[in-house]
Amino acid sequence: MSINWHGVWAIFHHEMMRFFRTIWQSLASPVLSTVLYFVVFGAAIGGRIQSVEGVEYAAFIVPGLMMLTVLQQAVSNASFGIYFPKFSGTIYEYLVSPVGWIEVTMGFVGAAAVKSIMIALVILVTSFVFVGVHILHPVWMVAFLVLSSVGFSLLGFIIGLWAKSFEQLQIVPMMIIMPLVFLGGAFYSASMLPPFWEGVAKLNPVLYLISGFRWSFFGLADVPVGVSLVAVAIMVVVCLAIIRWIFATGWRLRE
Amino acid sequence: MGAIIDIDHLSKDYGSGTKALDDVTLSIDEGEIIALLGPNGAGKTTLISIICGLVTPTGGTVRVGGHDIRTDWRAARRLIGLVPQEIALEPFEKVINCVRFTRGLYGMPADDAYIERVLRSLSLWDKRDAATRELSGGMKRRVLIAKALSHQPKVLFLDEPTAGVDVALRREMWQVVGDLRREGVTIILTTHYLEEAEEMADRIGVIAKGRLLLVKPTAQLMGEFGKKTLSIELDAPLAAIPDDLAGRALTLSDDGRRLAFDYDTRAERTGIARLLGDLAARGITVRDVSTRQSSLEDVFLSLVSEDAA
Numbered sequence: 001m002s003i004n005w006h007g008v009w010a011i012f013h014h015e016m017m018r019f020f021r022t023i024w025q026s027l028a029s030p031v032l033s034t035v036l037y038f039v040v041f042g043a044a045i046g047g048r049i050q051s052v053e054g055v056e057y058a059a060f061i062v063p064g065l066m067m068l069t070v071l072q073q074a075v076s077n078a079s080f081g082i083y084f085p086k087f088s089g090t091i092y093e094y095l096v097s098p099v100g101w102i103e104v105t106m107g108f109v110g111a112a113a114v115k116s117i118m119i120a121l122v123i124l125v126t127s128f129v130f131v132g133v134h135i136l137h138p139v140w141m142v143a144f145l146v147l148s149s150v151g152f153s154l155l156g157f158i159i160g161l162w163a164k165s166f167e168q169l170q171i172v173p174m175m176i177i178m179p180l181v182f183l184g185g186a187f188y189s190a191s192m193l194p195p196f197w198e199g200v201a202k203l204n205p206v207l208y209l210i211s212g213f214r215w216s217f218f219g220l221a222d223v224p225v226g227v228s229l230v231a232v233a234i235m236v237v238v239c240l241a242i243i244r245w246i247f248a249t250g251w252r253l254r255e
Numbered sequence: 001m002g003a004i005i006d007i008d009h010l011s012k013d014y015g016s017g018t019k020a021l022d023d024v025t026l027s028i029d030e031g032e033i034i035a036l037l038g039p040n041g042a043g044k045t046t047l048i049s050i051i052c053g054l055v056t057p058t059g060g061t062v063r064v065g066g067h068d069i070r071t072d073w074r075a076a077r078r079l080i081g082l083v084p085q086e087i088a089l090e091p092f093e094k095v096i097n098c099v100r101f102t103r104g105l106y107g108m109p110a111d112d113a114y115i116e117r118v119l120r121s122l123s124l125w126d127k128r129d130a131a132t133r134e135l136s137g138g139m140k141r142r143v144l145i146a147k148a149l150s151h152q153p154k155v156l157f158l159d160e161p162t163a164g165v166d167v168a169l170r171r172e173m174w175q176v177v178g179d180l181r182r183e184g185v186t187i188i189l190t191t192h193y194l195e196e197a198e199e200m201a202d203r204i205g206v207i208a209k210g211r212l213l214l215v216k217p218t219a220q221l222m223g224e225f226g227k228k229t230l231s232i233e234l235d236a237p238l239a240a241i242p243d244d245l246a247g248r249a250l251t252l253s254d255d256g257r258r259l260a261f262d263y264d265t266r267a268e269r270t271g272i273a274r275l276l277g278d279l280a281a282r283g284i285t286v287r288d289v290s291t292r293q294s295s296l297e298d299v300f301l302s303l304v305s306e307d308a309a
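Heads up: the protein sequence lines correspond to chains A and B, in order. Here the first sequence is numbered in the UniProt record's numbering, starting from 1 and rising by one per residue. Here the second sequence is numbered in the UniProt record's numbering, starting from 1 and rising by one per residue.
In short, the hints are calculated from the structure, not lab data. Some clues are possibly wrong.
Claimed, not checked - Chain A side only, calculated, beta carbon under 8 Å to chain B, not exhaustive: (1) 95; (2) 99; (3) 241.
Quick reminder that beta carbons are idealized off the backbone N, C-alpha and C, glycines included.
Whenever a hint applies, use it, and build me the whole structure from the sequences.
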């Protein structure tokens, strides 16, 4: 099967243009919330927690903050991207043109992933203003960043395909993604929890992402890095299988 | 010219027992304009939706340019442009970007010279940088046509192109279709106006309850069904039609006050002048006359009754 690359580019370019049309809004809000997190968690709380496993607390939360933003941005961008054509009725174009699920997914998910990575990098640069961050394994850092943004863009894409209203579009990120990130060790190490809760925390898939990502910064991990990689890879494969099924059956697409 | 679309025993059953499409077989030649005529819910949009890939058929096959729409869908879809019934456009997108986007989606490299030609031919060039939400209804419909033509399709589907548009815009749409015909594009359009089908199409297919009742060249169909009736109101009631006028396709109303005369508008002589002259010669005074074109409803009624017989 040959891929319709012009089709992939058309969707990707269209999505990126939407992002650039509102670039300052897109960047200002995550940067502002990062600054607030630094003030609240870094300065106020961090003043009482000197260090976590030898890393200054303000620096320790940087990977968690980046991951929080990547996950939120990936889900919201990808879900909105595919939901909007459903809402405006232009979804018919994707269904009658010579693009299949692979091209549509690559276009939308690729754009959402690139956007979330760009914002995460802006946050990393912003964090340099507040704290000295040294990245121990930069290649792995980029690998985790890309895999996580792709994984959660795929999840967001599924949410956008599933959603029938703007309310539904908001509910999953609010009710599921946010709690998972907060409970996934964005602002603490799972080893700081009592043993029982540490066990519960390890059921949270986001813990594996944040742990692997933090390892790439400081060499510290709550779970083995290999386990983190496998967890993200499984997420990507499962999401791709679900998207393929949605396009094959037309569920919530051709109704 | 050979067939560009081959529809063979196509059916669509939504599972509730009602057949949206029932065993439709139709072949459409390259460069032809065919109008699918039928009331709401007849199956016109279902037929178009199956060919374009929006709906999956439950039986039968369709080939576009020799490519099966299910097994070789990419090649088949590249040949097709669809103008949907509902106006659906990205409200904040510029007209030119909308059209470029569709061209890309169909796997075609950017070609701004061609896009300019399409926009100019549809009088949209001056509006190329306007957001689609700023356009009038007629302009929006033209943007949909520009998008459908953006990848140089061989076949264009126009689903109810004049639904809900005013008379001036309807004329304008007919003009656009005429221009496309001259460029050799095969056009399949749906409508429920007989007049519209007559104006534009080479052939007319009549659909009712999911079945293709007939397909005939427009001139032939209009000859058979496009009759007009002259209604003559008389000053004084007649007991019966005068014997020497009996062979003239005349009917007399029960109260004897109205004569109905069926005639063919396409015939060299309609016979109206002669009839009125003959009535005057017999001292029958005419109070008023009016004419009525046989409507689509009449065409359906006669077809359905033939079908049932």
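Now for the hints, and whether the structure bears them out:
At its closest, the beta carbon of residue 95 of chain A sits 5 Å from a beta carbon of chain B; the interface hint therefore holds under the 8 Å criterion. At a threshold of 8 Å, the smallest CB-CB gap from residue 99 of chain A to chain B is about 6 Å, leaving the interface hint in force. For residue 241 of chain A, the shortest C-beta to C-beta distance to chain B is roughly 21 Å, which exceeds 8 Å, and the interface hint is violated.
When each numbered hint is compared with the structure, a violation occurs for hint 3 only.
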